[in-house]
Amino acid sequence: MKFNLAFAIESLPLILSALWTTVWVTVASCAGAALLGFLLEIARRSSRAMSYVMRFVIDFIRSTPLLVQLYFLYFVLPFYGVTLPSFVVGIMGLSIYYSGYLAEVFKAGIDGIPVGQFEAAQSLGLKRLDVVVFVIAPQMLRNIAAPMGNYFVSILKATPYLAIIAVPEMLGEAMEIASDTFRYAEPMLTVGVVFLVLAVAVAQLVRLLEMRLLKSAKR
Amino acid sequence: MQVDALIGSRCASQRSEAAVDIVSLNKWYGTFHVLRDVDLRVEPGQQIVICGPSGSGKSTLIRCINQLERHQRGQIFIHGCEVSPKTRALHELRRDVGMVFQHFNLFPHLTVLQNCTLALRRARGIARQEAEDVARHYLERVRIPEQMGKYPSQLSGGQQQRVAIARALCMRPKVMLFDEPTSALDPEMINEVLDVMIELARDGMTMLCVTHEMGFARKVADSIVFMDGGRIVEQAPPLEFFANPQNERTRTFLGQIL
Ligand SMILES: Nc1ncnc2c1ncn2[C@@H]1O[C@H](COP(=O)(O)OP(=O)(O)OP(=O)(O)O)[C@@H](O)[C@H]1O
Ligand SMILES: [Mg+2]
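In the order they appear, the protein sequences are chains A and B. For the first sequence, my numbering gives the first residue as 67, with consecutive numbering after it. For the second sequence, my numbering gives the first residue as 442, with consecutive numbering after it.
It is possible that some hints are incorrect.
[Unchecked claim] DSBU-like, lysine-lysine: derived pairs with alpha carbons at most 30 Å apart:
| no. | chain 1 | residue 1 | chain 2 | residue 2 |
| --- | --- | --- | --- | --- |
| 1 | A | K68 | A | K223 |
| 2 | A | K223 | B | K591 |
| 3 | B | K591 | B | K615 |
| 4 | B | K591 | A | K281 |
| 5 | A | K281 | A | K173 |
| 6 | A | K193 | B | K660 |
| 7 | B | K527 | B | K660 |
| 8 | A | K193 | A | K173 |
| 9 | B | K527 | B | K591 |
| 10 | A | K173 | A | K223 |
| 11 | A | K193 | B | K527 |
| 12 | B | K527 | A | K173 |
| 13 | A | K193 | A | K68 |
Hints are computed from structural coordinates only; laboratory data are not their basis.
Given these sequences and hints, build the entire structure.
In structure tokens form, the structure reads like this:
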């Protein structure tokens with residue numbers, strides 16, 4: 067079968083019909099993963115006991131395959147009476163899986179903040195939460211914008227996994243076209259190009275964010 | 442004085458009227474005994490200068506006062522309130538104790554003005570407009586005129602340290618702690634910071650100041666404390682301290698730095 071460019075372009079609208087799903091599942095998962103990862107890292111720093119517990123949790127999350135986690139959430143939870151829409155399961159799965167990695171990134175970002183910053187914040191009488199939100203988090207983000215951005219791109223590229231739990235994202239659409247027409251090359255190439263464009267866009271956004279964060283100081 | 446009343450009522454024990462009262466304080470880092478039976482009393486409005494050789498425990502001592510370091514034995518009272526590793530709501534006590542660090546420790550992601558208003562807004566719950574007015578007042582006092590919108594990295598060391606002093610003053614602390622505030626500065630910037638500190642002393646701020654600036658000590662200190670090996674070896678008013686040091690180690694030390 068010869069590659070048919072016209073067919074590749076023809077498959078674009080159908081694939082793009084799932085663009086929104088991919089985009090917002092990605093955005094929600096990035097937010098979820100960052101938030102959860104940050105909480106894991108903050109919890110890990112809260113006490114000696116928590117540091118062991120959270121170390122284990124983070125390692126556990128990182129050492130089990132994403133697909134296993136997704137299947138677990140999707141097929142096993144209903145046995146215990148928890149039935150969630152597939153896209154919720156998908157966002158949860160991506161959030162949990164990548165929170166383990168982001169927690170590690172955040173750790174490096176927080177380790178890079180001079181201890182004097184914590185001390186100055188404490189000596190002003192700020193509450194712990196305020197120290198985290200107003201002093202630690204912004205400086206951490208500045209330290210780690212680039213590696214965090216890489217994981218955001220990874221999350222985008224992991225959304226096709228959600229096809230297996232019937233989230234109507236782009237790869238799923240491409241597969242449907244393929245199985246209807248028995249032509250794989252064109253829809254796969256198209257979906258690949260769309261992902262490429264999205265990935266470049268995410269990377270650019272992260273770069274903008276980084277520049278904004280760095281504007282204040284060249285330390 | 443409303444604030445005093447509030448804080449007084451929160452204290453379990455109104456042990457003494459001193460601004461800071463340190464009673465046989467002992468601290469260990471692991472097995473290393475850094476502070477040995479330190480007693481120190483600072484009356485409101487007094488200025489105390491602490492000096493001593495490197496490693497004698499000066500920083501550790503003043504950092505125990507706001508519990509950046511925890512002590513194992515002895516007691517510390519700030520205006521009658523005991524401060525200890527067990528103190529709940531430490532952050533509330535710290536609001537009344539300003540601290541200035543050797544390396545300024547300004548928040549690099551915030552402007553000068555935001556550095557000064559952060560704790561006012563988040564810890565004192567003061568509205569933005571009012572907090573900025575307070576910050577402007579203290580920034581003027583430390584002679585940081587038109588730099589309020591700049592970031593710390595855009596200022597010289599001397600300016601940064603004066604902002605750090607203003608940031609602490611904004612909280613209207615009852616006690617100010619200084620840990621070698623001028624020793625990270627280029628020589629030509631030391632005086633601009635010392636001048637601000639001298640003014641502060643003249644205005645009656647209670648100050649504990651670790652420094653080797655003996656000219657400053659002579660000018661403002663009510664009493665100079667000399668530490669060595671985790672102990673207060675000698676404490677005397679400046680005239681006496683310089684003219685007639687009692688302890689052998691004080692004499693050696695003064696011989697080295699004067
Ligand atoms: N976190 C720590 N763990 C172990 N030992 C420490 C720690 N901090 C300080 N020390 C030790 O405690 C002693 C006192 O330290 P401290 O910083 O209080 O001295 P200092 O009088 O302020 O000296 P300097 O003039 O160099 O600042 C030093 O011997 C130091 O090595
Ligand atoms: Mg020191």
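Hints, verified against the model:
Straight-line distance between C-alpha atoms of K68 of chain A and K223 of chain A comes to about 28 Å, which keeps the hinted pair within the 30 Å bound. Our distance criterion of 30 Å between C-alpha atoms is broken by K223 of chain A and K591 of chain B, whose separation comes to about 40 Å. Between K591 of chain B and K615 of chain B, the direct Cα distance comes to roughly 28 Å. Compliance with the 30 Å bound is thereby established for this hinted pair. At most 30 Å may separate the alpha-carbon atoms for a hinted pair to count; K591 of chain B and K281 of chain A meet this at roughly 11 Å.
In summary, the hint linking K281 of chain A to K173 of chain A is supported, as the alpha carbons are separated by about 23 Å, within the 30 Å threshold. Proximity of K193 of chain A to K660 of chain B is assessed by CA-CA distance (about 37 Å); at most 30 Å being required, the pair is judged violated. Proximity of K527 of chain B to K660 of chain B is assessed by CA-CA distance (about 38 Å); at most 30 Å being required, the pair is judged violated. Simply put, K193 of chain A and K173 of chain A have alpha-carbon atoms about 21 Å apart, close enough for the 30 Å limit, and the pair holds.
Restraint check for K527 of chain B and K591 of chain B: the C-alpha separation of about 39 Å exceeds 30 Å, so the hint is violated. Of the supplied pair hints, the one linking K173 of chain A and K223 of chain A holds, its CA atoms being roughly 24 Å apart against a limit of 30 Å. A C-alpha spacing of about 16 Å is found between K193 of chain A and K527 of chain B, which places the hinted pair at or below 30 Å, so the restraint holds. Restraint check: the Cα-Cα separation between K527 of chain B and K173 of chain A comes to about 28 Å, which is no more than 30 Å; the hinted pair holds.
Pair hint K193 of chain A plus K68 of chain A does not hold up; C-alpha atoms about 66 Å apart against a cutoff of 30 Å.
The earlier numbered hints that this structure contradicts are 2, 6, 7, 9 and 13.
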